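Kindly produce the complete structure, drawing on both the sequences and the hints.
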Amino acid sequence: MSGIDTQRLEALTQTYAEFDSRKSGLATALGGLMALFMTLHVISPSMRMLTGPWWRFQAALVFLMPLIWLPLKQLLFRRLYRGLGPVKALREVAYEHQKWRWIFAIALVLMTFQTMVLLGFVSGYAGVLHHPESINHLPTKLPALWMSWLWVATLPWLYLMVAPWWIKGVEEARAYLVLVGQGVIWIAFAFNQEGANVSKLTKAWMVPVFLLIQLGVFLWALRTIKRGWLEHREYRALLLSMTPKEDTP
Amino acid sequence: MPKNGFTPKAILDLDRIVHEPARLAILTVLAAAEEVAFLFLQRVTGLSKGNLSSHTQKLEAAGYLETVKVFQGRIPVTSFRITEDGRLALRTYHKHLRALLPEEGKR
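Chains as they are written, first to last, in our numbering: chain A, 1 to 249; chain B, 1 to 107.
If you are wondering where the hints come from, they were derived from the structure by calculation, not from laboratory data.
Treat the hints with care, since some could be wrong.
Footprint (simulated), chain B over chain A, 3 or more residues, beta carbon under 8 Å [said to hold, decoys possible]:
#1 4–10
#2 13–21
Computed spacing ranges between beta-carbons, pair by pair [as the list claims (entries may be wrong)]:
#3 H94(B) to A237(A): 25 to 33 Å
#4 K69(B) to L215(A): 44 to 52 Å
#5 G46(B) to R236(A): 15 to 23 Å
#6 R98(B) to L222(A): 46 to 54 Å
#7 T83(B) to Q14(A): 14 to 22 Å
#8 L238(A) to S54(B): 23 to 31 Å
#9 A61(B) to R236(A): 32 to 40 Å
#10 S54(B) to I68(A): 43 to 51 Å
#11 G73(B) to A60(A): 25 to 33 Å
#12 R98(B) to Q98(A): 34 to 42 Å
List time: in silico SDA-like cross-link candidates among lysine to any residue, alpha-carbon distance up to 25 Å [to be verified]:
#13 K58(B) to L90(A)
#14 K95(B) to L9(A)
#15 K58(B) to L9(A)
#16 K58(B) to I4(A)
Given the structure is predicted, the values throughout are model-derived calculations rather than measurements.
We put the CB at the ideal spot given by N, CA and C, even for glycine.
Okay, here's the thing in structure tokens:
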């Protein structure tokens, strides 16, 4: 007989290729950690008490978190998991479908949220601009309004635009979706204007929905951190099981 | 003729390109993935760089694998991919080997 454990070789290759295609491990765990931070940050009462440039910095940090995560996870992946080069898994139709379903879900969620955010934003300003007595009574800070509009309208597209180039695995898509969701939800709530015409009914369902989403994200983040860490350990064990040999002439 | 088909002719019919342990290991790994990087192949098979290069050249000459060279940034990465002929050769080799095994030794 050949003396080669072909089953072990097959299993090792498939496990490695699967890991390589998911692009998970510590990179996704970092996504979970950032989502956890965003959740705690967003629901923290101290966030609402901040004013001025510090508030703007904090808000920008929340909005930009998904875009900060992308290069960070890439860096982590390159440092930790590209030691042995890429191994492409055998193409499985089911996996490809699953992957693209997630990408599609990101696009769909972003479109929906963008519409909701725009509607909320308009209604917020509609409350402030409610029935001006004359053209002279319109707020003088109209350019600021346009800047905010631009910000709200552009950011979701920016999130969406970078996704095809940076998101490769299913786990990555999931983490990105959560981070982007958090960012966009925050846009909706951060621009909530005092004096806006929000009905009591809307207020009654908005708060529980918001808290429910935050609870979901919180649980997802904990699970992802644990899963990412376990996968990282599994990967290290896989590498250790492949003992390198010295080059012989 | 022996019951299990164990004849000198049957042994001689085994594909010698595939039968060599290092090449069998290489083909087994390649058959389990779409494309495999040189470094991974080296680590998983436990072969030295020189040995691996020599065996992959032989397999490529036999038409059982193809070499893919890509650049990741400025770093060239060499990968291998099993061909349809390679897959068929591996399947046929396993089939022949199973036929040669005594009944109790078959999986």
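Here's how the hints hold up against the structure:
Note: the segment 4–10 of chain A has 4 residues with beta-carbon separation from chain B under 8 Å; the three-residue rule is met and the coverage holds. With 4 residues having a beta carbon nearer than 8 Å to a beta carbon of chain B, the segment 13–21 of chain A meets the requirement of three or more and the stated coverage holds. Here the CB-CB span from H94(B) to A237(A) is close to 29 Å, well matched to the stated 25 to 33 Å. Restraint check, K69(B) to L215(A): a C-beta distance of roughly 50 Å satisfies the suggested window 44 to 52 Å.
The supplied range of 15 to 23 Å is met by G46(B) and R236(A), whose beta-carbon atoms lie about 18 Å from each other. Remark: the range hint 46 to 54 Å for R98(B) to L222(A) is upheld by a beta-carbon distance near 48 Å. For the pair T83(B) and Q14(A), the supplied restraint of 14 to 22 Å holds, since their beta-carbon distance comes to about 20 Å. Checked against the hint of 23 to 31 Å, the C-beta distance between L238(A) and S54(B) comes to roughly 27 Å, which is consistent with it.
For A61(B) paired with R236(A), a C-beta distance near 37 Å keeps the hint of 32 to 40 Å intact. In this structure the hint that S54(B) and I68(A) lie 43 to 51 Å apart at CB holds, the actual value being about 47 Å. At about 30 Å, the CB distance of G73(B) to A60(A) agrees with the hint of 25 to 33 Å. The beta-carbon spacing between R98(B) and Q98(A), approximately 35 Å, falls within the hinted interval of 34 to 42 Å.
Restraint check: the Cα-Cα separation between K58(B) and L90(A) comes to about 24 Å, which is no more than 25 Å; the hinted pair holds. For the suggested pair K95(B) and L9(A), the alpha carbons sit about 19 Å apart, so the restraint of at most 25 Å is met. For the hint pairing K58(B) with L9(A), the CA-to-CA distance comes to about 20 Å; that is within 25 Å, so the pair holds. In summary, the hint linking K58(B) to I4(A) is supported, as the alpha carbons are separated by about 19 Å, within the 25 Å threshold.
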